[in-house]
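J.: Here are the chains, one letter per residue:
Protein chains: 2
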Amino acid sequence: MELRHLLYFKMVAEELHFRKAAEKLFISQPPLSRQIKELEEELGAQLFTRNNKRVTLTSAGIYFKKEVEEILTRINKTKNTVKQIHDHLNGEFRIGYISSTYHPLLMEVLKEMRVHFPYLSIQLYELPTQKQIHALEEGKLDIGIMRAPIASTQLTLNTLFHDPFIAVLPANSPQFSSNAALGKYLAEKPFIFFNRDYAPAYHQKLVEICNRLGFSPQLSHEANNVHSILRLVESGAGVSILPHSLKEHYKYLQINFADLKNLSIYTEVVLAYKNNNHQEALQWFIKRYNPTPNRI
Amino acid sequence: MELRHLLYFKMVAEELHFRKAAEKLFISQPPLSRQIKELEEELGAQLFTRNNKRVTLTSAGIYFKKEVEEILTRINKTKNTVKQIHDHLNGEFRIGYISSTYHPLLMEVLKEMRVHFPYLSIQLYELPTQKQIHALEEGKLDIGIMRAPIASTQLTLNTLFHDPFIAVLPANSPQFSSNAALGKYLAEKPFIFFNRDYAPAYHQKLVEICNRLGFSPQLSHEANNVHSILRLVESGAGVSILPHSLKEHYKYLQINFADLKNLSIYTEVVLAYKNNNHQEALQWFIKRYNPTPNRI
DNA sequence: TATAATTGATAGTTTAAAAATATCAATTAC
DNA sequence: GTAATTGATATTTTTAAACTATCAATTATA
Chain Z
1 MELRHLLYFK MVAEELHFRK AAEKLFISQP PLSRQIKELE EELGAQLFTR
51 NNKRVTLTSA GIYFKKEVEE ILTRINKTKN TVKQIHDHLN GEFRIGYISS
101 TYHPLLMEVL KEMRVHFPYL SIQLYELPTQ KQIHALEEGK LDIGIMRAPI
151 ASTQLTLNTL FHDPFIAVLP ANSPQFSSNA ALGKYLAEKP FIFFNRDYAP
201 AYHQKLVEIC NRLGFSPQLS HEANNVHSIL RLVESGAGVS ILPHSLKEHY
251 KYLQINFADL KNLSIYTEVV LAYKNNNHQE ALQWFIKRYN PTPNRI
Chain H
1 MELRHLLYFK MVAEELHFRK AAEKLFISQP PLSRQIKELE EELGAQLFTR
51 NNKRVTLTSA GIYFKKEVEE ILTRINKTKN TVKQIHDHLN GEFRIGYISS
101 TYHPLLMEVL KEMRVHFPYL SIQLYELPTQ KQIHALEEGK LDIGIMRAPI
151 ASTQLTLNTL FHDPFIAVLP ANSPQFSSNA ALGKYLAEKP FIFFNRDYAP
201 AYHQKLVEIC NRLGFSPQLS HEANNVHSIL RLVESGAGVS ILPHSLKEHY
251 KYLQINFADL KNLSIYTEVV LAYKNNNHQE ALQWFIKRYN PTPNRI
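As you go down the protein sequences, you meet chains Z and H in turn. Position 147 (the first sequence) corresponds to 147 in this note's numbering; numbering is contiguous. Position 264 (the second sequence) corresponds to 264 in this note's numbering; numbering is contiguous.
In short, the hints are calculated from the structure, not lab data. A few of these clues could be false.
Note that identical chains are pooled: a pair holds if it fits in a single copy or bridges any two copies.
[Unchecked claim] When the alpha-carbon atoms are kept at most 27 angstroms apart in a straight line, the in silico DSS-like pairs for lysine-lysine are as follows: (1) K247 with K66; (2) K66 with K287; (3) K65 with K24; (4) K65 with K37; (5) K251 with K77; (6) K24 with K287; (7) K83 with K37; (8) K53 with K83; (9) K66 with K274; (10) K65 with K287; (11) K20 with K205; (12) K10 with K66; (13) K189 with K261; (14) K184 with K79; (15) K65 with K251.
I would like the entire structure built from these sequences, with the hints used as guidance.
T.: The structure is reproduced here in structure tokens:
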């Protein structure tokens with residue numbers, strides 16, 4: 001028995017007409033009759049009754065039809081999945097990340113990943129959260145490192161860590177004994193923000209922090225990149241508030257950091273990927289990529 | 001793609017060695033390599049890595065192996081079931097019944113059955129309950145009409161009806177106003193019983209009825225067939241107690257019947273067949289054969 | 001009722017593809 | 001460094017699928 005027999009049988013069972021079935025199968029009628037006969041002989045069961053004018057399924061044939069349909073469906077599904085697994089391991093793997101991602105860890109993980117998946121072309125894209133969400137939904141990214149909240153039912157989220165905030169000040173700034181004193185200082189300086197459209201939720205969070213510190217920020221500069229903001233602060237262009245985890249990665253800059261005490265506002269950094277995506281490289285990345293700095 | 005490809009793949013995946021696999025498949029190595037290559041091309045996925053000395057499955061191959069094994073198992077199961085359905089419809093159907101079965105109904109059902117299942121050879125066997133149980137368990141009967149109790153975990157039971165008992169007397173017997181009067185009459189007559197070994201539970205029940213009527217029967221004759229018992233009674237050889245339902249079917253005999261009042265002892269008539277037997281003819285018979293005389 | 005049309009089966013031929021044989025290059029083991 | 005072992009390749013042989021032509025049986029229609 002071969003799949004051909006099953007395929008031919010299915011068509012005859014649907015058409016209940018050898019000539020029509022043969023036509024649909026793009027073969028002539030005699031070989032079809034022959035194949036069905038062979039199948040019946042191998043099974044040791046009659047599948048059709050031929051009244052020389054009317055073809056009908058026997059009980060065995062009815063059962064076989066149901067089974068064959070399921071088997072053929074299963075085979076096709078398997079073929080597709082196998083192709084997917086292959087492509088996922090031999091194609092591209094696109095990672096999105098936000099500018100505030102801790103790069104040394106990511107670079108380390110990528111180095112290992114290239115050894116594990118030698119035929120996979122791994123690509124990095126620095127993108128803001130909103131753009132990552134769309135790219136993930138459209139299948140243009142495989143995984144994204146971004147900030148909550150993520151409003152999408154198509155994506156599965158995986159919390160990496162909760163990050164508190166810290167004030168970023170020029171090198172000549174004084175020390176502050178309280179949030180109030182810090183607030184007073186920040187209120188009088190030009191405030192460097194992330195672009196509102198670029199990261200709306202993040203922007204909103206910063207406004208809330210300022211309010212809690214007792215002031216409304218003077219929105220003087222806008223940037224859409226952590227590095228740019230830090231460079232602006234260093235040059236004395238103003239102050240800002242950024243995720244705490246960055247402090248460790250920018251020690252070489254001539255700036256001061258000032259803790260915000262007892263302020264339970266955090267930014268949540270997550271891994272996001274499309275629901276039901278079980279591709280091997282993705283699963284490997286999720287398992288391996290676990291920065292855990294300042295985890296709460 | 002053909003089943004051949006799946007079968008060949010499975011063997012190579014198990015052996016991880018083309019020559020050994022080819023040997024086990026009773027073909028030479030080159031065509032095996034060719035078929036696997038064809039399969040990989042059709043799937044668009046590499047299934048094996050060949051390091052010119054070591055064959056291993058890729059991730060896609062590992063997945064495919066699991067699926068192929070399940071698919072091939074499924075196909076084999078389907079083949080067996082189809083054969084079974086065919087054989088059950090084109091082979092024999094053996095029905096066991098006890099002598100007290102109401103024949104006109106059974107004959108009517110069989111007539112219909114032969115129309116419904118024209119290729120089925122339907123065979124009847126009059127057998128006592130115990131022999132039917134063994135025959136069913138051994139697959140020598142497909143269904144049995146018999147009396148409870150049936151002590152077998154291999155059989156599924158289907159109650160047909162509960163039958164009370166009735167006394168069978170010669171034509172010259174008087175009328176009785178009470179069970180006590182009847183008991184007194186029966187006590188003095190030779191009692192015709194079913195053979196004890198032949199139908200032990202039934203025999204036991206009759207003894208209990210006699211006790212309830214206030215006497216111990218004189219076991220003069222034994223028979224193993226309802227018709228024989230009735231003929232013996234008709235000839236004046238003695239009296240007996242039989243299932244009530246028989247009264248309707250032996251009206252032509254020169255005998256009297258005497259009801260046993262308020263005696264809640266019944267014999268249960270059941271259909272019995274092997275557990276998990278879903279053969280079409282059996283299911284049809286169970287559904288159709290439903291005598292319901294004296295149902296309680 | 002006779003004739004034409006339609007059905008699946010059969011016979012014989014052609015074609016495609018699976019399998020066999022012989023051999024190769026690459027690797028491993030000793 | 002040599003022999004043995006591996007899967008791949010080239011070529012031929014064999015198998016079997018598919019084709020064409022035709023048939024007998026049945027049904028529809030005039």
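J.: Hint by hint, note whether the structure agrees.
T.: Hints, one by one, checked against the model:
no.: 1; hint: K247 with K66; result: neither (64 angstroms within a copy, 49 angstroms between copies)
no.: 2; hint: K66 with K287; result: between (41 angstroms within a copy, 24 angstroms between copies)
no.: 3; hint: K65 with K24; result: within (17 angstroms within a copy, 32 angstroms between copies)
no.: 4; hint: K65 with K37; result: within (15 angstroms within a copy, 31 angstroms between copies)
no.: 5; hint: K251 with K77; result: neither (53 angstroms within a copy, 68 angstroms between copies)
no.: 6; hint: K24 with K287; result: neither (49 angstroms within a copy, 41 angstroms between copies)
no.: 7; hint: K83 with K37; result: between (34 angstroms within a copy, 15 angstroms between copies)
no.: 8; hint: K53 with K83; result: between (44 angstroms within a copy, 26 angstroms between copies)
no.: 9; hint: K66 with K274; result: between (34 angstroms within a copy, 25 angstroms between copies)
no.: 10; hint: K65 with K287; result: between (44 angstroms within a copy, 25 angstroms between copies)
no.: 11; hint: K20 with K205; result: neither (68 angstroms within a copy, 66 angstroms between copies)
no.: 12; hint: K10 with K66; result: both (9 angstroms within a copy, 25 angstroms between copies)
no.: 13; hint: K189 with K261; result: within (20 angstroms within a copy, 110 angstroms between copies)
no.: 14; hint: K184 with K79; result: neither (66 angstroms within a copy, 83 angstroms between copies)
no.: 15; hint: K65 with K251; result: neither (71 angstroms within a copy, 53 angstroms between copies)
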